[in-house]
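Novice: Chains C and P, in that order, give the protein sequences.
Take 3 as the starting number for the first sequence in our numbering and just add one per residue.
Take 3 as the starting number for the second sequence in our numbering and just add one per residue.
Note that these hints are calculated values from the structure, not bench results.
Worth double-checking, as some hints may not be accurate.
Since the list can't tell identical chains apart, any single copy or any two copies may satisfy a pair.
Straight-line C-alpha distance at most 20 angstroms; calculated EDC-like pairs for lysine to aspartate or glutamate [what the hints assert, rightly or not]:
no. : residue 1 : residue 2
1   : 23        : 136
2   : 23        : 201
3   : 52        : 64
4   : 52        : 34
5   : 23        : 165
These are the residues of each chain, in order.
Number of protein chains: 2
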Amino acid sequence: MKIGIVGAGQVGGTLGVGFAKAGHHVFFGSRDPQTAEMQALLARAGSTAKAESVANAVQFADVVVVALPWPATQSVVQSLDLHGKVVLDCTNPLLPDFSGLEPGTSGGERVADWAAGATVVKVFNTTGFNNMADPAYGGKPAFMPYCGDDAAAKQTAAQLATDLGFEAVDLGSLSHAHLLEAWAMTWIWLAIQGGLGRDFAFQLVRR
Amino acid sequence: MKIGIVGAGQVGGTLGVGFAKAGHHVFFGSRDPQTAEMQALLARAGSTAKAESVANAVQFADVVVVALPWPATQSVVQSLDLHGKVVLDCTNPLLPDFSGLEPGTSGGERVADWAAGATVVKVFNTTGFNNMADPAYGGKPAFMPYCGDDAAAKQTAAQLATDLGFEAVDLGSLSHAHLLEAWAMTWIWLAIQGGLGRDFAFQLVRR
Numbered sequence: 003m004k005i006g007i008v009g010a011g012q013v014g015g016t017l018g019v020g021f022a023k024a025g026h027h028v029f030f031g032s033r034d035p036q037t038a039e040m041q042a043l044l045a046r047a048g049s050t051a052k053a054e055s056v057a058n059a060v061q062f063a064d065v066v067v068v069a070l071p072w073p074a075t076q077s078v079v080q081s082l083d084l085h086g087k088v089v090l091d092c093t094n095p096l097l098p099d100f101s102g103l104e105p106g107t108s109g110g111e112r113v114a115d116w117a118a119g120a121t122v123v124k125v126f127n128t129t130g131f132n133n134m135a136d137p138a139y140g141g142k143p144a145f146m147p148y149c150g151d152d153a154a155a156k157q158t159a160a161q162l163a164t165d166l167g168f169e170a171v172d173l174g175s176l177s178h179a180h181l182l183e184a185w186a187m188t189w190i191w192l193a194i195q196g197g198l199g200r201d202f203a204f205q206l207v208r209r
Numbered sequence: 003m004k005i006g007i008v009g010a011g012q013v014g015g016t017l018g019v020g021f022a023k024a025g026h027h028v029f030f031g032s033r034d035p036q037t038a039e040m041q042a043l044l045a046r047a048g049s050t051a052k053a054e055s056v057a058n059a060v061q062f063a064d065v066v067v068v069a070l071p072w073p074a075t076q077s078v079v080q081s082l083d084l085h086g087k088v089v090l091d092c093t094n095p096l097l098p099d100f101s102g103l104e105p106g107t108s109g110g111e112r113v114a115d116w117a118a119g120a121t122v123v124k125v126f127n128t129t130g131f132n133n134m135a136d137p138a139y140g141g142k143p144a145f146m147p148y149c150g151d152d153a154a155a156k157q158t159a160a161q162l163a164t165d166l167g168f169e170a171v172d173l174g175s176l177s178h179a180h181l182l183e184a185w186a187m188t189w190i191w192l193a194i195q196g197g198l199g200r201d202f203a204f205q206l207v208r209r
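Bound conformation, chain C alone:
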């Protein structure tokens, strides 16, 4: 797949490196592709990754990963031409002090409103970037739920989550984005206020 990364921070950077190592073509969107940080990211990702302007990263891609801080999400998403793209929404509508989620409509549904012409799947929002780099605990994959309204786009999200080593689990329609955002808030709260740190995850276990 050709994957554009919008928001090449810890989450977007880790996802891009993982997708590139899985053999996908990754375009990291950047206002300045020459920074030392971006060059270090490209070195980690290997030869199937490139740094581009954000507009080019989106244009060259079939799948666009939105991994922006919430306060930047609306303006950046609305500034991009996302028609025909599969958009993976990895954001969380956190309050500025990370103490909770913004009330009202889920972030995933708002991103879908802002991403005109795109097909949005909510995924890669429920756990920390460290788990995206290594989702295995005790040799078993961590849980990665996803939701959306388009079966093909969801299959793309599931494949990419599986490529990283997660157990990808379909959680239904995009109207369930609020459930995934609650999972994210649980993880964030436990990591910080709960004192667990980043090295924990959730697994779905069966009898």
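Model the placement of chain P on the given structure of chain C, informed by the hints.
Specialist: For chain P alone, kept in the frame of chain C given last:
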């Protein structure tokens, strides 16, 4: 502990049996303690369990488990004298067709408003009654989050969850009840629409 069960259905019945087997005194509230169903429940629970009127079950108890169907919760809770009790809210504010959660204020916070004079902890709402009967998967405990605003009441909830075999995890204040209700909706959706059935759970795993 002396524990009253309000709503002796599958969840309340299973919890009461588990608490009785752990050595607690359990009072199952019932409109008709002589039914065959209640007698069967008492036989499962053993000699530390009794069936009482709902008002007596609450009066005799220090800890009151509210495990009612959501449509009955407000009227029953408001009809009881819960002053000074620790109330464990195991309900979920499901829409009548189980397709989602009621919007707005969390069920846990609404129960706290209705339970005048009580200290409310949200717990035992995030998984199925079958997991309450046997929370171990592969020899490891399933995750049981709880939240509330009173440290002593939360410790009671944590102890009871541990007694059943769960890993009890503090998820902060009662304002997080909406997170626990999202976990519940995730479990319910996966069990029914997601086709997983009841024999699955979530575990918190650490490196």
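Novice: If the cutoff is 20 angstroms on CA atoms, where do residue 23 and residue 136 land: within, between, both or neither? Let me know, please.
Specialist: For residue 23 and residue 136, the Cα distance is within 20 angstroms only inside one copy (13 angstroms; across copies 41 angstroms).
Novice: When no copy is named, should residue 23 and residue 165 be tagged within, between, both, or neither for a Cα gap of at most 20 angstroms?
Specialist: Result: close within a single copy only, 9 angstroms intra versus 45 angstroms inter.
Novice: Using 20 angstroms as the alpha carbon limit, work out where residue 52 and residue 34 are close: within a copy, between copies, both or neither.
Specialist: within (12 angstroms within a copy, 71 angstroms between copies)
Novice: Cα distance capped at 20 angstroms. Does residue 52 pair with residue 64 within a copy, between copies, both, or neither?
Specialist: within (15 angstroms within a copy, 63 angstroms between copies)
Novice: With 20 angstroms as the alpha-carbon cut-off, assign the pair residue 23 and residue 201 to within, between, both or neither.
Specialist: neither (22 angstroms within a copy, 35 angstroms between copies)
Taken one by one, the earlier hints fail for this structure only at number 2.
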